[in-house]
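Chains L and Y are the protein sequences, given in the same order.
Under the working numbering, residue 320 is the last one in the first sequence; the count climbs by one each step, no gaps.
Under the working numbering, residue 1587 is the last one in the second sequence; the count climbs by one each step, no gaps.
Which residues of chain L face chain Y? A partial, calculated answer using Cβ under 7 Å:
| no. | residue |
| --- | --- |
| 1 | 35 |
| 2 | 38 |
| 3 | 46 |
| 4 | 120 |
| 5 | 125 |
| 6 | 141 |
| 7 | 239 |
If you want the ones that stay clear, here's a sample from chain Y, every Cβ over 10 Å from chain L, calculated:
| no. | residue |
| --- | --- |
| 8 | 1355 |
| 9 | 1361 |
| 10 | 1367 |
| 11 | 1371 |
| 12 | 1478 |
| 13 | 1496 |
| 14 | 1499 |
| 15 | 1529 |
| 16 | 1530 |
Computed footprint of chain Y on chain L, listed as stretches where at least three residues anywhere in the stretch have a Cβ under 8 Å from a Cβ of chain Y:
| no. | stretch |
| --- | --- |
| 17 | 59–72 |
| 18 | 154–162 |
| 19 | 241–247 |
Don't read these hints as lab results, they were simulated from the structure.
Glycine included, each C-beta is placed from N, C-alpha and C at the ideal position.
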Amino acid sequence: MQFKAKKQLYLNTSMGLICLLVSSGAMLLLLAIVFFIARESWPVWSAMGPAQLIGGLDWNPLAKPPLLGLGAMICSTLWTALGAILLAAPIGLCSAIFLAEFAPAWLAAIIRPVLNVLTGIPSVVYGFLGAAVLVKYFEISWHMASGESLFCASLVLTVMVLPYIVAASESALRAVPSEYRQAALALGVSRSYAVLKVLLPLTARGLLGALILAFGRAAGETMAVLMLAGNILLFPTSWFSKGEPLSALIALELGTSATGSLHYHALFAAGLVLLAFVMGVNLFINILMHYKGKRGT
Amino acid sequence: MMVKRNAGRVGDNKAGKANLWRRCQDIIWLSLFWGAGLVILILLLCILAYLLYRGGSSLTWEFVANAPAGFPLGTQGGVLPAIRGTFYLVIIAVTASAIPGIITAVYLAEYAGPTKFSSLINLTVQCMVGVPSIITGLFAYAFFVLYLGLGISLLAGGLALSIMIFPVIVVTARDALLAVNKQYRLVGAALGVSRWYILCEVVFPQAMPAIAGGLLLAMGYAAGATAPIMVTAAAISADSSGNLFEPVMALPYHLYILFSQHVSLSKAYGTALLLVLLLLLINVAALWLRSIKKGA
Chain L
24 MQFKAKKQLY LNTSMGLICL LVSSGAMLLL LAIVFFIARE SWPVWSAMGP
74 AQLIGGLDWN PLAKPPLLGL GAMICSTLWT ALGAILLAAP IGLCSAIFLA
124 EFAPAWLAAI IRPVLNVLTG IPSVVYGFLG AAVLVKYFEI SWHMASGESL
174 FCASLVLTVM VLPYIVAASE SALRAVPSEY RQAALALGVS RSYAVLKVLL
224 PLTARGLLGA LILAFGRAAG ETMAVLMLAG NILLFPTSWF SKGEPLSALI
274 ALELGTSATG SLHYHALFAA GLVLLAFVMG VNLFINILMH YKGKRGT
Chain Y
1292 MMVKRNAGRV GDNKAGKANL WRRCQDIIWL SLFWGAGLVI LILLLCILAY
1342 LLYRGGSSLT WEFVANAPAG FPLGTQGGVL PAIRGTFYLV IIAVTASAIP
1392 GIITAVYLAE YAGPTKFSSL INLTVQCMVG VPSIITGLFA YAFFVLYLGL
1442 GISLLAGGLA LSIMIFPVIV VTARDALLAV NKQYRLVGAA LGVSRWYILC
1492 EVVFPQAMPA IAGGLLLAMG YAAGATAPIM VTAAAISADS SGNLFEPVMA
1542 LPYHLYILFS QHVSLSKAYG TALLLVLLLL LINVAALWLR SIKKGA
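Make a model of the complete structure from these sequences and hints.
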């Protein structure tokens, strides 16, 4: 009896230990990703200097000496992602409000799985449809030589990030205690007035978090922007000009860069910039939500 | 009619006008909300209908069961090696990350209290969800392909995808375990049974459908991803025999090549339709599995 209990005890503690080890491994994996990309990009940071690498506007890895400025790509990434959020925010917030407050139960029960299915469609299909339909449309009806532009990429990214915005904002809206709604309605205002003047200010932080999350997603998206942004290494001067976001640059040139060359290291530097940006966005959301928890709404 | 009644009730003309304006505003906002909600439905319907319309004719049995042929490659024939390659990639990804993912989820849900360390792991997992897939590909290229010397191969691609789906598995499995009624654990503890025993005999069977649903969701995610395998595993043409150290074809990458190299638009539509139908099937099955536990 005594022996059995002891064995059980060992089993329990050893299982706890294994779980602990494996989950620490998960953390190490993230660290390894960051470390490896930083290590591979180190030569180019020290050779070019951060200011020239991030601020430089010319990219020509074959020139002598190679011109490796990421400024145009960073600008393209920001432009497509911001444009997508600009387009997706009004639609996404409105449909989140619809789902949380106005939709009949049966309709909401249809729309929620539809959101899941929309996130399940792979980005290459979105990119393909955008390139085959939207780009053709721009070419034919606007008489453009080639229809690809940052605007096109933003438009398709809008569809891609919409489900994330809706899901996150809906859960933020649902977290508001129903007393607020009842109190507002008891004062005799209409339901949409109550939503706009009571619920929205209360959930502003959660909604902002949803938008920022979607922004991070849009910035990291690869296939859709690769097929739609035009892939021209010029500084984008307007939303309708072409550009090449960071993710598209990496996907296009990684296979052709010679291992160990400055070009190769510069692509890892581009990855590091993108990773730092997206992680920064994630940490910012975490702080935002944590702060809200402390204030105790 | 409406206006008159309102005005009459309020009695004052000015108040009636303000009331009318309020009503108009309400109607405008309400129609905006309804419109935005319906846009989502219309979007999915449009995407599916358009794909069916354009790709339906090329999605035949010959297309699914034959290898690509013609010049340039892909103008004729089908996508069988791509299907096989995607299948192998997904299987490798899931086998590599299911067990560590579920163990991490067990740790988060069962062992770790609300400590600093567990919130650190939660934050890590949340950050990993956010890591763009091309960054995963970049890391896999530097680490698996070059550093470990695996080359552009099935194994490197599968491992890249496993890193990508790992956080998805952790999050879905953790939520599935946390959703199991707390009562069971309390009762078990009161009976003096060990934590491990309750976990194996009570909590796991309860959470199993939802965990399986999460795995399926992760598999769908892996099957559709292009960016990580583009630089680690995919080839324009390969027979995808399942050799771990050879490049493979994959459905999403095949679609990208068919379109971007202007090989064949109709075959591209067929591939896109096939991919979307496959993922639709996986996602609906995953949703169904994850909704089971609510009834129990």
